[in-house]
Structure formats: C-alpha cells, structure tokens
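Those protein sequence lines, which keep their order, are chains A and B. The opening residue of the first sequence carries number 0 in numbering that gives the first Met the number 0; numbering runs sequentially from there. The opening residue of the second sequence carries number 0 in numbering that gives the first Met the number 0; numbering runs sequentially from there.
Hints listed in this document are in silico derivations from the structure and should not be mistaken for laboratory results. Given the structure is predicted, the values throughout are model-derived calculations rather than measurements. Honestly, I wouldn't trust all of these hints.
Note that the list lumps identical chains together, so a pair holds whenever it fits in one copy or between two copies.
Below, a list of computed lysine-lysine pairs in the DSS-like style, where the Cα atoms sit at most 30 Å apart [what the hints assert, rightly or not]:
#  : residue 1 : residue 2
1  : LYS194    : LYS224
2  : LYS216    : LYS194
3  : LYS182    : LYS106
4  : LYS10     : LYS28
5  : LYS260    : LYS199
6  : LYS152    : LYS194
7  : LYS156    : LYS105
8  : LYS156    : LYS224
9  : LYS7      : LYS243
10 : LYS194    : LYS260
11 : LYS105    : LYS285
Protein chains: 2
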Amino acid sequence: MQILNGKKTAKEILDTLEIDVAQRAATGKKVPHLAAILVGNDGASETYVASKVKACNQIGFISTLIHFDDKVAEQRLLEKIEELNEDMSVDGILVQLPLPAHISEKKVIESISPLKDVDGFHPENIGRMVLGEEEAFISATPHGIMLLLEHNKIPTKGKHAVIIGRSHIVGRPLSILLSNNSKPGNCTVTVCHSKTINLKEICLQADIIVAALGVPKFLKVDMVKEGAVVIDVGITRVPDAGKKKGYRIVGDVDFDEVAPKCSYITPVPGGVGPMTIAALMKNTFKACVERN
Amino acid sequence: MQILNGKKTAKEILDTLEIDVAQRAATGKKVPHLAAILVGNDGASETYVASKVKACNQIGFISTLIHFDDKVAEQRLLEKIEELNEDMSVDGILVQLPLPAHISEKKVIESISPLKDVDGFHPENIGRMVLGEEEAFISATPHGIMLLLEHNKIPTKGKHAVIIGRSHIVGRPLSILLSNNSKPGNCTVTVCHSKTINLKEICLQADIIVAALGVPKFLKVDMVKEGAVVIDVGITRVPDAGKKKGYRIVGDVDFDEVAPKCSYITPVPGGVGPMTIAALMKNTFKACVERN
Numbered sequence: 000m001q002i003l004n005g006k007k008t009a010k011e012i013l014d015t016l017e018i019d020v021a022q023r024a025a026t027g028k029k030v031p032h033l034a035a036i037l038v039g040n041d042g043a044s045e046t047y048v049a050s051k052v053k054a055c056n057q058i059g060f061i062s063t064l065i066h067f068d069d070k071v072a073e074q075r076l077l078e079k080i081e082e083l084n085e086d087m088s089v090d091g092i093l094v095q096l097p098l099p100a101h102i103s104e105k106k107v108i109e110s111i112s113p114l115k116d117v118d119g120f121h122p123e124n125i126g127r128m129v130l131g132e133e134e135a136f137i138s139a140t141p142h143g144i145m146l147l148l149e150h151n152k153i154p155t156k157g158k159h160a161v162i163i164g165r166s167h168i169v170g171r172p173l174s175i176l177l178s179n180n181s182k183p184g185n186c187t188v189t190v191c192h193s194k195t196i197n198l199k200e201i202c203l204q205a206d207i208i209v210a211a212l213g214v215p216k217f218l219k220v221d222m223v224k225e226g227a228v229v230i231d232v233g234i235t236r237v238p239d240a241g242k243k244k245g246y247r248i249v250g251d252v253d254f255d256e257v258a259p260k261c262s263y264i265t266p267v268p269g270g271v272g273p274m275t276i277a278a279l280m281k282n283t284f285k286a287c288v289e290r291n
Numbered sequence: 000m001q002i003l004n005g006k007k008t009a010k011e012i013l014d015t016l017e018i019d020v021a022q023r024a025a026t027g028k029k030v031p032h033l034a035a036i037l038v039g040n041d042g043a044s045e046t047y048v049a050s051k052v053k054a055c056n057q058i059g060f061i062s063t064l065i066h067f068d069d070k071v072a073e074q075r076l077l078e079k080i081e082e083l084n085e086d087m088s089v090d091g092i093l094v095q096l097p098l099p100a101h102i103s104e105k106k107v108i109e110s111i112s113p114l115k116d117v118d119g120f121h122p123e124n125i126g127r128m129v130l131g132e133e134e135a136f137i138s139a140t141p142h143g144i145m146l147l148l149e150h151n152k153i154p155t156k157g158k159h160a161v162i163i164g165r166s167h168i169v170g171r172p173l174s175i176l177l178s179n180n181s182k183p184g185n186c187t188v189t190v191c192h193s194k195t196i197n198l199k200e201i202c203l204q205a206d207i208i209v210a211a212l213g214v215p216k217f218l219k220v221d222m223v224k225e226g227a228v229v230i231d232v233g234i235t236r237v238p239d240a241g242k243k244k245g246y247r248i249v250g251d252v253d254f255d256e257v258a259p260k261c262s263y264i265t266p267v268p269g270g271v272g273p274m275t276i277a278a279l280m281k282n283t284f285k286a287c288v289e290r291n
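Just chain A, with the same shape it has in the complex (with noise of 0.2 Å):
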C-alpha cells in the first residue's frame, strides 16, 4: 500500500507554478492575480479563502482578499463582481461559497465572466468540460484529483471507477472527466449516490473508488477490492477537545481498515484538500495566460 500524498504532490505542483510566475515576472509579462470574496464570518470559508490567498503569496501570485460584512446586499456584490470581471489586472475571480440566505449563489457564480471563473462553477465552464475542451476551468476538487492521478502516474485507461455521490462540485465532474477521452481518463465509470441500492456490491468491481459523499468513514473494508486506489474526497469536522481547534477532519474513508488492503489511497488531511489548492492555482495561471 502506498499513500497518495496529495501535500506533496501540491508542492511540486506549486514550486514548478513558482518558477513559472518568476520567469513570467522576469520577462516582464503579467504575473496572475486572485480576487477573493469572502461574506461573512463563517469559520472554514475564513479557513479555506486564508489557505488560498496564502498560497498565491507564496508563489509569487497577486492576491486581492474582498471581504464583505453577511449582511452585504446582493446588489452590492455583483456590482463588486462586475468591477473585478472589467479590471484588467484581475485574472482570477472567486467568490467563497456558501453564501447567507439572501444571496442567490446561482446569480453570483453566473455573473462572473467565464474567462476569470477560476473556480469552474459558471455553466459554460461545465460545459466545456463536458465537451473536453481545453479552455474550460475544471472546478478545483475533481481537478485536483486529476492532477493527483497524473502526477502520481496512476494508471486510468480501461480502469472500473466508482464513484459515490454526484454532487456538481466533485462528484459529477469528476465522473465526466475520469470517463472522457483523455490522459488521465478513459476509466469506465460508474457515478453512485444516495438511491443506489447495490453500493457494495458495485465498489467491489471498482479499480478506483472515490468517496465524496460527506458521510465520515463511510467506505468500510468490506467494500474495497484488493489493490483498489481509492481517493477519499471528505472533509468532516468532527468536535474533537483534544484538538488545539476544537475538531478534527475526517474523510469518508476508514482508513485504518481499508489502507492496508489498497494499492494507493489518500489520507485525510495531506490528501485531495491541497490539491484543490494547488488546483485553483494551477487555473489562476491558465487564466493569466490565456488573458494576456
């Protein structure tokens, strides 16, 4: 059994972005910028958007942190947004979800240019990844465990992927780009959710099983077939008052029960979480390219 250490595959992935962003700023193109907006107090979104502008900062990206009071009228914001879509020096436009009631996500997502979508929520984004074109921005789960498959070398051709859950963040995506015709890619996939009855019995045919449900510890042993990768995509916070933070994070994998009898798996934390990071910065890059 090997761990599929998503920490370092992230630092490789950031340092080579690194070298990349200094030659770019050292023959005098543009260097990427990340608008962030964040609304509200809520304590992962501060969490994730603070992992996110610390990141641009280390490889020598721009970052713009934007962060609204909960209370901020809907208007306001998409004029912000329309703002950040008509500033030249922006490449990259992220708005971290979820947003208080009053605020229609779909309306916000939508009125980011696609261009500068480097989340890859904005519906022509998913269609382009859907159709497999190259200048789609792939949301930065599934495209994190692309870019972990690859540089890992997993072998996907051919392979059987379940996948449990089909949310439009992970799961779906992820089903659509393991099975298109491409390298990684050209699994035969299998998208699983809540009313399928024979889950067991179709995890123990899978090659690669990806659990992103949101069920901690939900994919048992007797689910997994010998040498199976499996890619845990859970990020539960579990109370936990030994923690410095209060919780722990647990994914939807037992890993201590199913590890030994896999190939390869992920680990949570150090696994899929900073790929997506790596991920949403890896898109950042593409966008400052393309844009310039």
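Given chain A's structure and the hints, the job is docking chain B onto it.
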C-alpha cells in the same frame, strides 16, 4: 416483452403541443418559430431537416428553412445566426450538423444565443443540464429518450443503467440525466466506451441498457439480462438494393435476438428517432414560452 413505441409516444407529445399552440394562437399569444439552417446537400442532413420542418408545420409552429451552398463562408453563416439571434420573431435556431470542413462547428454552435439554442449544444446549456437547471435546453436525442421513459412510465429510480457510448450528443448527456436527482432519473449509471474492458460483464448487470455507439447490431443477446429495458440509439444506413431509397436503417441492437429477453425495447426505426423530433419541438415551444 413490450415495444417502446417511439412513433406513438412522439405523436402523443406532438398532439399535445398542437393543442397548446392552438391555445396560444387563440389567446393572441406568440406561436413558436423555428429557424433551421442547412449547409450543403448531404442526403441524411436534408432528410433530417425536412422532417423537423414537417413536424413544425403539422403542429402549427412557424418554420424557416435557410439553405446555404456548401461553399458558404463561415462569416456569412455567423452573420445569419447573429441576425436570427436578434430577430424577435424567431424562438429557436438550429444548424444541422455536420458542417463542411472549412466551417468551425464550435464557432457556429457558440454563436447561437443560448436562449434560442433548442438543440442544446451550446456549452452554457450543457452546463445547465449538468446542474439540473430547469432553463437548460437538453439536446434532442437524450431529451427524447428521457421523454420516452417518462411517458411509458418506465421505473428508473435505483435502477442500474449502462450506457454504451460517451458521445457529446447522446451518451454523455444521457448518463448525466439518468443519474441526476429527477424523475425520470436517479439511476446508478455506468458509462462504457471503446476503452472498456469487461463490457459484457457490466452489461449483464444492467436494468436499463442504452446502445449509442453507432455499430450496427452490436448488442447481442448474451450481453443482456432477462427483463432488461433496451434503448437503441443506432441509426446506421446500410445499403439495401431491395429498398426504394437504396438503404435501410439499422440499430445498435441485434433486435431479433435481444427483443424476446427484454421487458421493453425500442425498435429501429420507430423508437428513439421520432422522439428526437418530439423533443426538439418541445424545446422550441419552451423557448417561445420563456421568451414571451
């Protein structure tokens, strides 16, 4: 075994649309108007466009057929589409594919306003379909198959659907629609394709099989579980001197062998084919209602 009679179901849908259109007309509301563009003189394309125009006429839609020479400049085509986008009298625009090699299909498809893209090929509409949004135009073949399942009350929730083929216009969108949380939908879906290794083994698990790869008589009886629902999307033209047209249409399913084993099966012709026309008409009606 029961035949899933697409011809009959399509007629029911068209009859209902005819009544709805007549009601709109009687109350002074706008009647749907479909503009179809045909480039060149490909026999199959001419037949398809003609049957779409015929359906419009039958149910009281207005139709405009614009026929360009196969030498038409891409720019001329794009200008015509722009004109149709701006024409308030036009609700739906379709460009019959394929186009001659000197014209970019991508550019042409993306030039159609997503609000008039009744073929559902624009990336924005594909994205909205993935997101399960009501406003999405879903392309005619997968939409037609979903309507066929719905009108014939074929249970889908929790069923295992195996789709052979991952094309942008059939396999891929259908895999998404069948696994979305909707009705019909909520299937566990496996997408198979040319790189799938154990196709037979996977097909034998299927409650619903969709053959959409374009290989005549590909699906054999030993690949089908007793009682499965089989949907045949194939429409290959095979030369046949005994037919007036010089060819016959052959599906992807070895019908004579497979049919006795099924609970339901679509014939070719008269199965999915007529449903695509019905779906296109429904899309055009929807475009008209939403724009007015």
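State the violated hints by number, sorted upward, taking the hints as numbered earlier in the document. Those not satisfied: there are none.
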